[in-house]
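A.B. asks: Residues per chain, in single letters:
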Amino acid sequence: DAGVIQSPRHEVTEMGQEVTLRCKPISGHDYLFWYRQTMMRGLELLIYFNNNVPIDDSGMPEDRFSAKMPNASFSTLKIQPSEPRDSAVYFCASSQTGTGGPNGYTFGSGTRLTVV
Amino acid sequence: GDSVTQMEGPVTLSEEAFLTINCTYTATGYPSLFWYVQYPGEGLQLLLKATKADDKGSNKGFEATYRKETTSFHLEKGSVQVSDSAVYFCALSRRALTFGSGTRLQVQP
Numbered sequence: 001d002a003g004v005i006q007s008p009r010h011e012v013t014e015m016g017q018e019v020t021l022r023c024k025p026i027s028g029h030d031y032l033f034w035y036r037q038t039m040m041r042g043l044e045l046l047i048y049f050n051n052n053v054p055i056d057d058s059g060m061p062e063d064r065f066s067a068k069m070p071n072a073s074f075s076t077l078k079i080q081p082s083e084p085r086d087s088a089v090y091f092c093a094s095s096q097t098g099t100g101g102p103n104g105y106t107f108g109s110g111t112r113l114t115v116v
Numbered sequence: 001g002d003s004v005t006q007m008e009g010p011v012t013l014s015e016e017a018f019l020t021i022n023c024t025y026t027a028t029g030y031p032s033l034f035w036y037v038q039y040p041g042e043g044l045q046l047l048l049k050a051t052k053a054d055d056k057g058s059n060k061g062f063e064a065t066y067r068k069e070t071t072s073f074h075l076e077k078g079s080v081q082v083s084d085s086a087v088y089f090c091a092l093s094r095r096a097l098t099f100g101s102g103t104r105l106q107v108q109p
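Residue numbers (the numbering used here), protein chains in the order written: chain H, 1 to 116; chain R, 1 to 109.
Hints should not be assumed to be uniformly reliable.
Derived Cβ-Cβ restraints for the label pairs, each shown as a range [unchecked claim]:
1. R:106 - H:42: 17 to 23 Å
2. H:3 - R:63: 22 to 28 Å
3. H:42 - R:52: 25 to 31 Å
4. R:69 - H:12: 30 to 36 Å
These are computed hints drawn from the structure, not numbers from a lab. Think of the CB as a built atom: it goes at the ideal place given N, C-alpha and C, for glycine as much as any other residue.
With the hints as constraints, model all of the structure from the sequences given.
C.D. replies: Spelled out as C-alpha cells, the structure:
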C-alpha cells in the first residue's frame, strides 16, 4: 500500500486566496482525520470523518475552513480566504477504527502551507 | 476533556545512554495510548501502542507500559543511537488522537 497520500507537499499563496489541500486515505480505512501542526499550538485535530460522513468538526478554526469527503478515497480541506495565521503543516491520517485499530493511525507526509 | 502532558525538551543524550520520556494523561474511561515519532520534514510514524492497562508496547528497542494507576505511559530505550534523534509525541485515543506537545530528542555521537 502507498500509505496516506497528501498533495501538494508545499503551498505558498497570497493572503485572500483560496487554498485546497488533498488527501487519499489507505484503502479500507473507514476513518479520516485532518490535523494542523504549528509551533505555538502543536498538533490539533480539525475534523474527522467516518465512512465519508463528518463526525466532529469542533476543531475547525472558523468558517473560512471547510472539509469534504465525497468518496472513500478522497478528501479535501479548503481555506477561503486564506490568512497568514493559517500558515502551518496540515496532516491527513486514516485508520480502520476510531481508536486506531491494529495498526494505529497512519499519517501522510503533510502539506506545508505558507500564506504571505 | 482529554489531555496529554509530556516532559519539556529538548532532551540531549550521548549515544548508548538510557532514555526516558515521561508522559501522563487525563481521560475518562480507558483510552488507547500511543507513541509517535516525527523525523525532520516528515510525517508522524507510529512507534508503539497499548490498548489496555498493564499492556507493554515495544518496537525498535523502545518500550512503554500502560499504567492506569498513575495514568502514565513513559517511553524508554536502553541504548539510544544518533538515528533516534527526532521529536516524540505521546497521544491517547478514544475517538481520535489527542497529542502531547512533543519532546525533541537529540543524540550526540
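A.B. asks: So, against the hints stated earlier in the document, which numbers end up violated here?
C.D. replies: 4
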